[in-house]
Every structure is written in C-alpha cells, then in structure tokens.
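K.L.:
The primary structure of each chain is shown beneath.
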Amino acid sequence: MATKRVAICAVAQHKNDSDLWHKRFQGMLLDVLEELQAQTGFTFDEETGVNTIVSCSDDFFDARTISDNGVTDVLGAQYRGEEKMAQEGLNAVGYAQAVILSGYADLVLVMGHCKESQSESRRMIANMGFDPFYGRAVGLDNLNAAALQARAYMKKAGLTEEQLAGIVVRARQFAARNPYANAREIVEAGTVIASPQLCDPIRQLHAYPVSDGAVGMLLASEERAAEFTDKPVWIAGFANCMDSYFLGDRDLTANFALKQAAGRAYRKAGIADPKKEIGLVEVMDAYAYQQPLWLEGLGLCGDGKGARFLDQGGQEKYRVNLSGGMLAGNPVIIAGLYRAAEAALQLKGEAGERQAPDLHRAVAHSTTGAAGQFHSVLILER
Amino acid sequence: MTMQEDHKDCFVLEGKMALPNQNFAGRLGSRFLIAIRDRKKIMGLKCNPCGKTFVPPREYCEKCWTKIADNWVELGTEGELVNFTVVRYGDRHLPKKPPYILGQIRLDGADTPLTHIVEGIDPRDVESGIRVKAVFAEKTTNTIMDIDHFEPV
Numbered sequence: 002m003a004t005k006r007v008a009i010c011a012v013a014q015h016k017n018d019s020d021l022w023h024k025r026f027q028g029m030l031l032d033v034l035e036e037l038q039a040q041t042g043f044t045f046d047e048e049t050g051v052n053t054i055v056s057c058s059d060d061f062f063d064a065r066t067i068s069d070n071g072v073t074d075v076l077g078a079q080y081r082g083e084e085k086m087a088q089e090g091l092n093a094v095g096y097a098q099a100v101i102l103s104g105y106a107d108l109v110l111v112m113g114h115c116k117e118s119q120s121e122s123r124r125m126i127a128n129m130g131f132d133p134f135y136g137r138a139v140g141l142d143n144l145n146a147a148a149l150q151a152r153a154y155m156k157k158a159g160l161t162e163e164q165l166a167g168i169v170v171r172a173r174q175f176a177a178r179n180p181y182a183n184a185r186e187i188v189e190a191g192t193v194i195a196s197p198q199l200c201d202p203i204r205q206l207h208a209y210p211v212s213d214g215a216v217g218m219l220l221a222s223e224e225r226a227a228e229f230t231d232k233p234v235w236i237a238g239f240a241n242c243m244d245s246y247f248l249g250d251r252d253l254t255a256n257f258a259l260k261q262a263a264g265r266a267y268r269k270a271g272i273a274d275p276k277k278e279i280g281l282v283e284v285m286d287a288y289a290y291q292q293p294l295w296l297e298g299l300g301l302c303g304d305g306k307g308a309r310f311l312d313q314g315g316q317e318k319y320r321v322n323l324s325g326g327m328l329a330g331n332p333v334i335i336a337g338l339y340r341a342a343e344a345a346l347q348l349k350g351e352a353g354e355r356q357a358p359d360l361h362r363a364v365a366h367s368t369t370g371a372a373g374q375f376h377s378v379l380i381l382e383r
Numbered sequence: 004m005t006m007q008e009d010h011k012d013c014f015v016l017e018g019k020m021a022l023p024n025q026n027f028a029g030r031l032g033s034r035f036l037i038a039i040r041d042r043k044k045i046m047g048l049k050c051n052p053c054g055k056t057f058v059p060p061r062e063y064c065e066k067c068w069t070k071i072a073d074n075w076v077e078l079g080t081e082g083e084l085v086n087f088t089v090v091r092y093g094d095r096h097l098p099k100k101p102p103y104i105l106g107q108i109r110l111d112g113a114d115t116p117l118t119h120i121v122e123g124i125d126p127r128d129v130e131s132g133i134r135v136k137a138v139f140a141e142k143t144t145n146t147i148m149d150i151d152h153f154e155p156v
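Just so you know, the sequences run in chain order A and B.
Residues 2 to 383 (the numbering used here) are what the first sequence spells out, left to right.
Residues 4 to 156 (the numbering used here) are what the second sequence spells out, left to right.
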C-alpha cells in the first residue's frame with residue numbers, strides 16, 4: 002500500500018568551493034554518501050536498503066553524455082533502480098517523492114553534483130540552452146539574460162544600488178556562519194557598489210561565484226522514516242511551472258511561472274496565506290536582484306514591492322537565506338537542492354550557528370532556464 | 004565535510020570537447036531568414052484570436068494553440084529599444100568583443116521584442132525607449148546575423 006507522506010530523513014552537503022581541481026565529482030559524491038550512511042545507517046540491502054537512486058547532473062558540465070552513468074557505481078546505483086534528473090536538483094526531490102508516493106520504493110537516495118570550474122566558461126554552457134537560430138547567435142547566456150531582467154525589475158520595484166549591495170553584504174554575513182558556503186568573506190556595501198559592472202546593471206559582486214559542490218539526501222516513506230531519523234522533515238508540497246521559451250515572449254518581472262508553482266505547492270500543503278504560515282525561506286538567488294523578485298513570486302511580498310520589503314525587514318521576518326543563499330556560491334544545477342538541504346537542516350534544528358528558533362514550516366525554491374524560465378517550490382514541515 | 008587530502012604530484016587532464024553540428028532551420032525558420040537575407044524584410048506570425056504578433060516565428064500560438072504558421076505579417080525594420088544590457092565580459096560564444104549592447108527591440112507591428120545587438124551609440128548614452136533600425140549584413144550567412152545589428156534611427 003502506498004504511503005501518505007514522504008520524509009527527508011537526512012541531508013549531507015559537500016563544501017562549496019570555486020575550484021576543487023584536486024577532486025573528481027565522483028569523490029565528492031562519495032563523501033556525501035558516506036556521511037548520509039554515517040547519519041542514518043542505511044544500507045544497499047536488496048530487501049531493506051536503498052534500491053532506487055535519483056541523481057542530478059549536467060552533461061555539458063561533466064563534459065560527457067549520459068552523465069549519470071559516470072556516477073552510478075559511487076551512488077550504489079549499479080544493479081538498482083537509477084533515475085536522472087537533468088540539471089535541476091530540487092526536481093530530483095520531487096521525483097523521489099513521486100517514486101515513494103507511488104509505492105514503487107519506500108527509500109530513495111537523492112544525489113546531485115556539479116563542478117562549474119571544469120568548463121572554460123559556465124556562460125558558454127548556458128548559451129547552449131538557447132535556441133540555435135535566434136538566441137545562441139546573439140550570444141544570450143544566463144548572465145546577460147539576467148541582466149535584462151535586472152534592469153526591468155529594478156525599474157519596476159525602484160530597487161537601488163544600496164539595496165542590492167545590502168543583499169550581498171547580508172548574504173556574506175550569513176555565509177560566514179555556514180561551513181558549507183563558498184564565498185564566506187565579509188564585504189562592505191561600498192565594495193559591492195564599487196565592484197565593476199559585469200553586465201549592466203549586474204556588478205561582479207552581485208553575481209554568485211563559480212562553484213563546485215555536491216549534495217545528497219535520504220528520503221523515506223512515513224512508515225520507514227523512524228528507522229533512519231528521530232527528526233523527520235515532511236514534504237508538504239512540491240510543484241513546478243515552465244514559462245515561455247523565447248525571452249521576448251515573457252514579461253521578465255511578472256513571475257508568471259513562480260506564482261503558478263508556488264500557488265500549486267501551497268495548495269498541496271494546505272497553506273491559505275503564505276505570509277502567515279511560512280517561517281523560513283531559501284530562494285535561489287544567483288544574482289542579488291533575484292532575491293526580492295523571487296520573494297514577490299512566492300507571495301511573501303507584494304508585486305513590485307521588493308524594495309520596500311527589504312527596507313521593512315522582510316528578509317528577517319521570513320528568515321530569508323540564512324545559509325547565505327546561492328549568492329554565497331552553489332553550482333547552478335544543484336543550487337535548489339542546497340536550498341532544500343538547508344531548509345531541512347533548519348527544521349531539524351541542526352543548522353549550527355545559522356539556526357533559527359521556533360520553526361514549523363519552510364520553503365525551498367529553485368529555478369533554471371534563463372531569467373527564471375522554470376521555477377520549482379518545495380514546502381517542508383516538521 | 005572538509006577533509007585534508009594529499010594532492011602532491013596530482014594533476015588535471017585537459018579536455019577539448021567540441022562538436023560542430025547542424026540544426027534544421029525549419030520550414031518557418033527558413034522562410035523567416037530568407038526574407039531577411041533576400042528582401043531585407045522582418046516577418047512575424049500573428050495569432051488572430053489573441054491579436055498578438057510573434058517574432059521569432061513559431062507554428063502555434065502558445066496561449067490558445069491556434070495554428071498561426073501561415074499567418075505571416077510584415078513587421079517594420081524599425082522599432083523601440085525596450086530593454087538592454089551592456090556586456091562587459093569576454094567569452095567565445097559572444098558575437099562581439101566587449102563592451103557591447105545587447106538589447107530587446109520591439110519592432111513596429113510586433114508584440115514580442117527580438118533580442119539583438121545595438122551599435123552606433125556609446126554604452127554610456129544608451130537608454131530604453133529610443134528608436135532603432137535594423138542594419139542588414141553585407142555578407143549574408145543564412146542566420147539571424149543577416150541583421151548585422153540595430154542602431155539609433
């Protein structure tokens with residue numbers, strides 16, 4: 002009989018780094034997997050152990066086809082059920098949840114990895130995500146597409162240079178308390194504002210650093226969760242939504258896809274008013290301007306009111322990105338999986354120096370595709 | 004998970020992944036590009052029920068699923084620069100040396116802006132709302148770069 006609820010039993014993160022040249026991603030995954038085993042005691046026993054593994058990787062970043070095949074052995078996926086979620090880590094959690102809810106498996110291992118440092122340029126890889134005729138030819142990539150969105154959003158919300166700098170300064174302050182973050186050095190607002198324009202209006206320090214990382218989690222059915230943890234974190238809702246492909250077809254500041262995804266996830270979780278029922282949020286802020294924009298899409302802040310939200314202390318009210326967020330450095334394809342891992346640690350009360358008190362429910366957000374084409378929202382609760 | 008590992012005498016291998024490839028330009032895409040190349044015309048496809056004209060071309064309206072593949076309309080070669088960025092980094096996938104302006108241009112008669120290069124104006128002076136016109140390439144390549152760039156009217 003299929004289970005009713007799915008738990009995240011344990012999470013493990015590899016420290017993010019800008020150039021882990023001396024380590025293969027297989028080795029990074031093995032560290033993560035062994036830590037999960039140490040935490041939970043799970044095995045790969047055919048009757049009682051993990052028999053389904055969902056991995057997340059990207060063929061371009063790994064510079065090979067069928068990139069999941071390069072890690073099946075270290076994930077214990079040899080001879081077992083093996084699924085790949087290409088390029089979007091948070092959806093690997095959604096996939097694992099579906100596998101367990103369907104009754105196919107009662108224990109699933111989710112493992113994501115990416116070494117952005119391996120390629121000449123992560124922007125060249127992003128360019129390949131555009132159509133070959135109109136997008137790639139004019140050099141579109143994730144950074145310049147985001148810059149177009151940044152300009153439009155700053156105008157709509159009245160977001161200032163000082164506010165953008167404040168987002169980065171705060172992210173670094175939290176990152177300094179997160180042993181897994183990449184960019185943990187404290188910066189001053191003046192340094193952010195003085196950092197060179199990379200792609201106007203995005204400055205160098207508004208952009209997340211090149212990052213290598215790996216993250217994993219063990220998910221179980223309600224019936225089996227207690228075997229692996231006494232502090233399960235429950236998946237209350239998961240949803241995603243894809244916006245139009247061509248950049249010009251979209252209103253870059255409207256958050257169409259995120260509002261759809263959030264609305265569906267809240268409904269599943271029985272949340273009528275997210276402003277009253279969400280205690281902590283981890284959003285995938287690859288660039289500083291995205292933090293308030295995505296918070297608007299999640300319904301925690303009014304449309305176009307991101308600047309006021311920042312001034313009125315919205316980030317502390319909703320405990321936004323206490324991990325330091327993606328601004329402190331996660332590889333793009335698994336930044337959402339890191340968000341979920343951090344939200345789960347907070348709900349377990351295992352977030353160390355960045356722990357928030359009295360949490361019941363948290364949101365992890367993820368996005369992929371240029372300028373937030375695709376969004377995913379995961380609601381977790383204690 | 005931060006272990007001190009010995010990596011004395013370890014090294015990395017250089018890879019050179021490159022795979023020249025082809026993409027069928029499509030029935031609509033070919034017509035769109037031929038109009039630019041041979042007639043210096045930019046064509047859009049209009050969805051009559053939505054009253055919306057799309058560029059680049061596509062076979063169906065994504066909102067109402069009406070087949071619009073034969074409903075070509077001629078757009079202006081001029082339009083409004085509705086949004087832009089200044090690319091200040093160098094990369095091999097970029098068509099120009101930095102700094103250069105990448106803009107979203109809403110051509111006269113179109114509802115969706117086209118992304119393209121803007122030249123003929125200093126990046127310090129560019130602003131949204133200016134009128135720009137297409138400058139067609141002298142040497143054509145059967146690509147969207149047969150519009151070489153846009154420049155202020």
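Calculated from the structure, these hints are not laboratory results.
Please note that a few of the clues may not be correct.
Stated by the list, open to error - Calculated pairs, DSS-like style, for lysine-lysine (alpha carbon to alpha carbon, straight line, at most 30 Å):
#1 Lys318/A / Lys277/A
#2 Lys260/A / Lys55/B
#3 Lys49/B / Lys157/A
#4 Lys260/A / Lys49/B
K.L.:
All the hints need checking, so say for each whether the structure fits it.
P.N.:
Verification of the hints:
no.	hint	verdict
1	Lys318/A / Lys277/A	holds, 11 Å
2	Lys260/A / Lys55/B	holds, 23 Å
3	Lys49/B / Lys157/A	holds, 29 Å
4	Lys260/A / Lys49/B	holds, 28 Å
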